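S.K.: Chains as they are written, first to last, in my numbering: chain A, 1 to 477; chain B, 1001 to 1150; chain C, 2001 to 2399.
Pairs of lysine-lysine residues, derived as DSBU-like cross-links and limited to a Cα-Cα distance of at most 30 Å, are as follows:
| hint | chain 1 | residue 1 | chain 2 | residue 2 |
| --- | --- | --- | --- | --- |
| 1 | C | 2117 | A | 10 |
| 2 | B | 1041 | A | 9 |
| 3 | B | 1038 | C | 2004 |
| 4 | C | 2056 | B | 1041 |
| 5 | B | 1101 | C | 2177 |
| 6 | C | 2004 | B | 1105 |
| 7 | A | 10 | C | 2223 |
| 8 | C | 2177 | B | 1083 |
| 9 | A | 9 | C | 2177 |
| 10 | B | 1101 | A | 9 |
| 11 | A | 9 | C | 2113 |
| 12 | C | 2113 | B | 1145 |
| 13 | A | 9 | B | 1038 |
| 14 | A | 289 | A | 390 |
| 15 | C | 2056 | B | 1038 |
Hints are computed from structural coordinates only; laboratory data are not their basis. For clarity, every value in this text was computed on a predicted model and none was experimentally measured.
Below are the chains, spelled out letter by letter.
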Amino acid sequence: MNDLSINIKKVLIIFLFLFLALISYFSYFVIVKGEEVANNPRNQRLAAKRNAVLRGTIYDRDGNALTKSIRVDRSTQKREYIGGLAFTHIIGYNSTKYGRTGLEETYDKELMAGSEFSFLDRFKDSHKLKNQVGNSIKLTINSQLQNLAYDQLRSTGKNGAIVAINPKNGEILALASNPSYDANNLEKDWQAITSDSNKPLINRALSGMYPPGSTFKVITTVSGLENLEGLDYKMFNDTGKLTFKGTNYTLKNYGGSATGKINLEKAFYKSVNTYFGNLAMELTNRKLKNTAEKFYFNQKIETEGFFINPSKFPEIASSDITNIAQSGIGQSEILATPMQMALVASTIANDGVMMKPKLVSEIISSEGETLKVIPDEPLGRVTSKEIADKITGYMRKVVTQGTGTAASVSGIEVCGKTGTADHARSITNEAAAHAWFIGFAPQDDPQIAIAIIVEEGGTGGTTAARIAKQIFQGAFK
Amino acid sequence: MAGDINMDYSDLIKPILGVLVIVIIYVIIFMALRIMYKDVKSGDKKKSLKKVYGLEVISVVEGSNLKNGNIVPINRVITLGRKEDNLVILNDPYASGYHAKIYPKNTEYFVEDLNSTNGTLLNDEYVEGRVPLEIGDEIQIGSTKFRVIG
Amino acid sequence: MKGKRWESRLLIATYVLCFAMFGSLYLLKEPYDTGAVVMAVIICLLFTYGYIIIRKFFPDGDKFIIMFTAVFAVIGIATLYRIDTSVAIKQVVWYTIGMTGFIALVVLLPDLKSFGKYKYFFMIMTLIFMGMATFIGQEKNGSKNWVALGPIGFQPSEFGKIFFCAYLASALKDYKKFKDLIQPAVIVMISLLFMVLQTDLGSALIFFGIAITMLYISTSKSKYVVICFLLLAVGAVISYKLFPHVRVRVNIWLNPWSDYDNKGYQLAQSLMAIATGGFLGSGIGLGYPELVPVQISDFIFSVIVEELGIIVGFGIIILYFLLFYRCMRAAIFVQDRFSQLLAVGYSTMIACQVLVIIGGVIGAIPLTGITLPIISYGGTSMLTAFFSLGIIQKISEDA
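Chain A on its own, in the form it takes in the complex (with noise of 0.2 Å):
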């Protein structure tokens, strides 16, 4: 009889086994597998526990509510965007069906605040715990601003996108991007949407990559002053355009003029492509690269709660003059975001520091209490306030006599730069190049730094300038 007790034993063991490693793969799914499961979009438990919270509001820098939230039933409650079409991108949506993008994905958590219950939360007052409402954000937006921005980009009919900051510290006073669409309304618009070619998801201000163009020039004066000594007293002889040895390419002027012996300041407020293209194939790409990658080309920008592309600027051969030249105009292989050009602009207002770009400023709790502030953060000197103040005077010329003349606005001294740059569809005539302004005023004390791009737009002295003076005189009301 013994032998089957010895058996009965092993089987024992067997059997032990198998519950122990029933109870690892159970330990395995919940520790590895359990969050991702739980997260899952169709679990309709997390939403429920969710929609217990009301979810929070998303406020302007003055207070004034974009959001609202109602809730219909105990387990429903319905998200509306009353900021209008010019907010839609910085606050993007929250939907079950379409899931959630912009500040309303990056700080979910903090707008659901509570719904997370933990097991301690079941102590606490139940009463509490029914009528849950989520924390608040506050913008650094200025309604306003952004209205007008968004306003004024669709008057022209054409894509585009504007930013506008505040040099000292990196708050966003405005982020427009067109074409909008209206977040209310995603189910009956989606179709619409989603196969609209001019792809209005798209938060241009912050993703949309095009060639920059004469704003450039900015940073490729950096880079001269930086790395030539007395650049700015050297003369140098226009004569309409730059021929290169071995190619049928020539480099030419805007409109082909010539305008003779120019130093650098005149250079800049004349936009003289060829003095730009002679300046970059001094420099070598190896040094402008190095300047625009100071600017942040090429490098991941750091921000909360929003995603800003990187900007690219190419590395070239030094055989390839022709490249070399167009890179220093703003050409070639370079593209740059509005919002870069924007950190560009503001960091020459700022003595050569770029300041952190931010969108929020505070959370706070339903109860009114401010939960967190975001602080100022400088990204780092770029470069110095004695070039900074060079290229502070030259664009201030751009405004008084050169290029940007529309932008100027009386009482206010406006420095700025123009940019025309072209792209593909513009360099076979298809279709007018991109009308590009960057900016800051007024030019002793800047409280606003600005980048307006317009697709397409023609001339970045007509078309972006004229905007950028309804721009600042709309700041400066």
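Put chains B and C on the given structure of chain A with help from the hints.
M.R.: Then chains B and C, alone, in the frame of chain A:
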């Protein structure tokens, strides 16, 4: 809402009960394990302290292979009967092939009749099924008698 | 006696469990739900009564089996009460019947050794019950394993399991050489075939588990076990290629969300319920059992884990293992070979059932339609469980 004073007692009890459920399940597991462990431990001890019983032959049939005074220790199953594969072979004509069995179980000893023709007597009473044994009991199979000794 | 004191403490712990769970249910609704308290009292009385009878009149047997069934019954009925009070009431009725049957078996049955000779009777009953659903059965929850005779419906394969174990025990007790295995092997294969035809793959797995365990126990030859596993592997591959419903099960197991709206829904919901509950659970009454399908039987484990937490899930698995251990222990100490094999068979049946269904609902193995013994709702399931445990209890008396 400053200071909600009317907090329901149930609000505090509910989560406490919830925790209690979780805790008590493990209390049960641990208690059960503890008892089982104690059983296993004491079971071994008991086995070694157990008294060993034996069967003393006190009356035999003529021509039997057993003699008065023979002692058979009962430390495992003892089978009794006429057939030769029994442990105790009885040449008794009134004994069946497989007549009875005597064995220890836990702390006791039992005698069990194996559906014999003439039955097994314990202290002059017929044994039905299995019956516990005490020291001094007399077991009769056919004409053969045994006494239980310690 | 010292041991007695710990046993009564265990009993008290079970009372505490019962009142803690039903207490939570009492406070759950407004106004307070007195029905929950009534249920708690009834259940406590029931298992106390059963416990007293067993311990007083049959003190030699195993003392844990009846206590563990009480714990499972409390957890099960409390959860069912949370889901649907009428179902809970029915379960209490089944529990009563089950307990009564359990006690009756222990009291009334003679020594089980005498049943060893009814081999052919068991064989015929096994075949009848296994085949019944194939011929006169209807489909329920994806398996064709339900038979309705007038107003009463039952799952014949559950009863089949009982006779299956009895048959194998009686056939294998006299094993001496390979030839003796042929007849049982045939019966096992026929039974498995019926299960596959009825698409009751969970039961097939359990039968396989029982057969292979009893095979090893009676023959001590591991090579038979290896051969059987190889046959299982071959059989699994063949059925995968041959039967679309097997392919579906495997695909859903690998990624339940791939067919979320149809076949994968059950498993996906079960997994999400468990994951959302977390280690300490969402809290009694704060979960969403209505989202989990078949929540009163197959997926009851998921419902429990969602509200009470994964820690409780572990506890339940541990308790089932302890029950299995006690059942097997009865087999170790008993003398008669038939009883030993029978105890092993029924113990393995319960253990395999637990492994297959919990494994299925947590996604460890493909899902099958099996119930969790005693905790799941189901008359047939309860009766089978208590019958097997009753037999084991009786066997433990003799050990």
